[in-house]
Amino acid sequence: MIAVPLIAFVGTISANLVLQYNQHQARSVALATSNLTVAANLVLADAVNAETGVRGYAATGDPLFLGPYNLALSRLGAERASLRTAAVAEGDSGRQRVVNGTTGKVLVELARIRSVVGADVSGGGLRSRLGSGGNLRTALLNGKKTMDLLRGEVAGLTAGPAALLAPQLRTINRLETTTDLLDVAALVLGLLCGLLGVALFTSGISRRVAVAAANAGRLGRGQPLQPAGGAGDELGRLNAELVRADELLAGWDARKVKARLALLASIVDSCDDAIMSKDVGGLVTSWNPAAERIYGYPADEIIGQSILVVSADGEGGQNADILAAFARDHDRPDGTRSLLVEAMQRRKDGSTFPAAVTLSAIHDDDGSLVGTSSIARDVTEQQRVAAELHRAAADLRGRMDDLQRANRNLETFTYSVSHDLRAPLRALSGFSTALLEEYGGSLDDAGRGYAERIDAAAERMALLIDDLLHLSRLWRTEIQGVKEIDLSAEVAVIAAELQRSAPGRLGRFDIQAGVRAAADPVLIRTVLQNLLENAWKFTGQRDEALIEFGTTGTREAGICCFVRDNGAGFDPEYVGKLFQPFKRLHPMCEFAGTGVGLASVRQIVERHGGRAWAEGAVDKGATFYFSLDAKETESMSNSTTSGEAD
Amino acid sequence: MKHILLVEDNPDDEALTLRALTKNNMLNDVTVARDGAEAIRLLFADHGAALPGLILLDLSLPKVDGLDVLNRIRAGERTRLIPVVILTTSKEQEDVLAGYSGGANAYVRKPLKFADFTEAMNVLGMFWLLLSEPPPDLGGPSLTDGASTMAAKD
Chain A
472 MIAVPLIAFV
482 GTISANLVLQ
492 YNQHQARSVA
502 LATSNLTVAA
512 NLVLADAVNA
522 ETGVRGYAAT
532 GDPLFLGPYN
542 LALSRLGAER
552 ASLRTAAVAE
562 GDSGRQRVVN
572 GTTGKVLVEL
582 ARIRSVVGAD
592 VSGGGLRSRL
602 GSGGNLRTAL
612 LNGKKTMDLL
622 RGEVAGLTAG
632 PAALLAPQLR
642 TINRLETTTD
652 LLDVAALVLG
662 LLCGLLGVAL
672 FTSGISRRVA
682 VAAANAGRLG
692 RGQPLQPAGG
702 AGDELGRLNA
712 ELVRADELLA
722 GWDARKVKAR
732 LALLASIVDS
742 CDDAIMSKDV
752 GGLVTSWNPA
762 AERIYGYPAD
772 EIIGQSILVV
782 SADGEGGQNA
792 DILAAFARDH
802 DRPDGTRSLL
812 VEAMQRRKDG
822 STFPAAVTLS
832 AIHDDDGSLV
842 GTSSIARDVT
852 EQQRVAAELH
862 RAAADLRGRM
872 DDLQRANRNL
882 ETFTYSVSHD
892 LRAPLRALSG
902 FSTALLEEYG
912 GSLDDAGRGY
922 AERIDAAAER
932 MALLIDDLLH
942 LSRLWRTEIQ
952 GVKEIDLSAE
962 VAVIAAELQR
972 SAPGRLGRFD
982 IQAGVRAAAD
992 PVLIRTVLQN
1002 LLENAWKFTG
1012 QRDEALIEFG
1022 TTGTREAGIC
1032 CFVRDNGAGF
1042 DPEYVGKLFQ
1052 PFKRLHPMCE
1062 FAGTGVGLAS
1072 VRQIVERHGG
1082 RAWAEGAVDK
1092 GATFYFSLDA
1102 KETESMSNST
1112 TSGEAD
Chain B
2 MKHILLVEDN
12 PDDEALTLRA
22 LTKNNMLNDV
32 TVARDGAEAI
42 RLLFADHGAA
52 LPGLILLDLS
62 LPKVDGLDVL
72 NRIRAGERTR
82 LIPVVILTTS
92 KEQEDVLAGY
102 SGGANAYVRK
112 PLKFADFTEA
122 MNVLGMFWLL
132 LSEPPPDLGG
142 PSLTDGASTM
152 AAKD
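Protein chains in written order, with my numbering: chain A, 472 to 1117; chain B, 2 to 155.
Keep in mind that the hints were calculated from the coordinates and are not lab data.
Treat the hints with caution; some may be incorrect.
Partner residues are not named here, just some residues of chain B that face chain A (Cβ under 8 Å, in silico) [stated by the list, open to error]:
1. ASP13
2. SER61
3. SER91
4. GLU93
5. SER102
6. TYR108
7. LYS111
8. LEU113
9. LYS114
Model, not experiment: these values are computed from the prediction.
Here a beta-carbon is modelled for each residue, glycine too, at the ideal position from N, C-alpha and C.
I would like the entire structure built from these sequences, with the hints used as guidance.
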């Protein structure tokens, strides 16, 4: 392929060389011709100079004119030699003869003129010399003739070569043009040859590099390598290395694949869910031990059968739409990869169960759908629990409704109690009083006593009703506005009030300072009021009542306070009844009260996340404890702690 | 002295109230309405009738509830300034709040003991009819004895 342009190139170069030679020859001839012309003209010019100088001398007798003559004559010898050489170089023998003859004649004539002129000048004036027509005149005429001859010769010499030079120059021009064309052709051809060569070289190398690159890629993807010529150069060695790496990797891969397969198999085998695979036609291709357990079919029995065998509601995850979606969505990043369906399944013994089935597509290396896998879980228990939860929730909602209804009823009831029960009591009290006032005189002592009892009973019942309402309000009241309260200060205020209410009594209050707790201010005041009133009431028979308030060393849930008295105490056997509403441990005649005070205390304390309890013995006084869970804020419990410290 | 309008449905309470007023020598000045509707009729139906100087209003009433009566009184052009004292058995916070919110001048829980009740009636009559400067008359003729006569008949 490269031979054709190469031969053309060499041919062009040879032709160029031949042309170059011819051109050189033509140039030599042209040069010689031009040299001859130049030399002839030089001879002519100096000959004219010499003759002119001699004539001047002859005319004037002034030797000044002899300067140019002498100079020209001295140069003419050399110029004549040059002319001869040029004529020889030109190679025209005829011309050589002319040159020799004419120039020789010129020299002789010039010498003669000089001698004649020299003699004449020394002999007399110019007129006489010219007029006499002597030797001088003849010499000058002969000189002129010779000069004319020389002029003619030189003109002939000059004209000849000029005519000769024209074709020579044309030849040179022609040769030059041809040579230029050949130069361009050679350049183009050379370039073409170079390019072709580079292309051929490159295509060979790049093909092998491409093979090596492809092999590297295949190695990365774990595909078999492509054979690539066993050349011993770098590329050959590179390929050999790739092959070696491939063999090495193959060994590793086999081990890894084996280990990975073993891992997957152990996962599948040990899974509690049934894991199965099917081909696109729905025929079972794999079946794990859990599937055997759940469905009752051994693997070797079910493999090859349709998955529909275990489906109790038709499709069994072989829905054409699903398969189509799987096949379609393989290349879509957001396409369907797997989906979860609830389906009824059938065991080998015919029984059915609900299952949650996750269906996933199985694709081969080319990305085409070859089947599906399903992971099925028996959700009987789940559904049962869910149903139970649902039932329980409904039940709870029902109970909530009942409770709300009951609460509303309770409100109506308490309002009714508050309003309507009191009215008859007021009548009892009012009319028994009217009876006493207006008919007291008609009654004996017993009659008046009965009327008084009616009045007292009515009053007591009114108290009971008020306490009952109070308690029911507590049950309904939400704790709000929990603040940090100085319990010691509250106790001191209540103690002062109690003392003021019974100025005759001797009582001592021992109050621990700085007891603080987080609580609802109104409610906690009720607690303290109830406990202190109780203590005050049950110490009524003591000469000196001693009532203490403080916190216990051991505390549970935030803070634990106590109110201790040296009063009547109680029988520990009945301690359980203390905090129940309307339960009393003492006869009415001894201590007044309705029995809701401690019930209120317990109610409030428990609302604060605390607890209330009591210790005591008959005639040994009583101690009532209550704890408050002051966990509302950290700072509160901290300050509580510091309060306890003193 | 202007008369008192007692709005009370319970006959026992009515009797006791009248007895207490009798003890305080104010019986001749009392008119009784036994339900809310009657109270409204007495106050609004007869434009010529004299308006009471004090209304003692029970809250739980048949037909028209005590609070509704109060609202009507406060909305009426002639009646809106009449002092109204709620006299009832309830001391539920909601009732107290509703009473004052409706524009009641005072809220008194009927004391259980008759002596206390009599005392309360005395104080109320003394304060609202004698001590307190009554609001200016907003039109209509001055009091007549007609209403008192009617109360006296009961």
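Consistency of the hints with the structure:
1. ASP13: Result: holds, 4 Å to nearest chain A Cβ.
2. SER61: This interface hint holds because 5 Å falls under the 8 Å limit.
3. SER91: holds (5 Å)
4. GLU93: holds (6 Å)
5. SER102: At about 18 Å, which exceeds the 8 Å cut-off, the nearest Cβ of chain A leaves the hint on B:SER102 violated.
6. TYR108: Constraint on B:TYR108 not satisfied, violated at 14 Å.
7. LYS111: At about 6 Å, which falls below the 8 Å cut-off, the nearest Cβ of chain A leaves the hint on B:LYS111 intact, so it holds.
8. LEU113: holds (5 Å)
9. LYS114: Given a least distance of 6 Å, the restraint on B:LYS114 holds.
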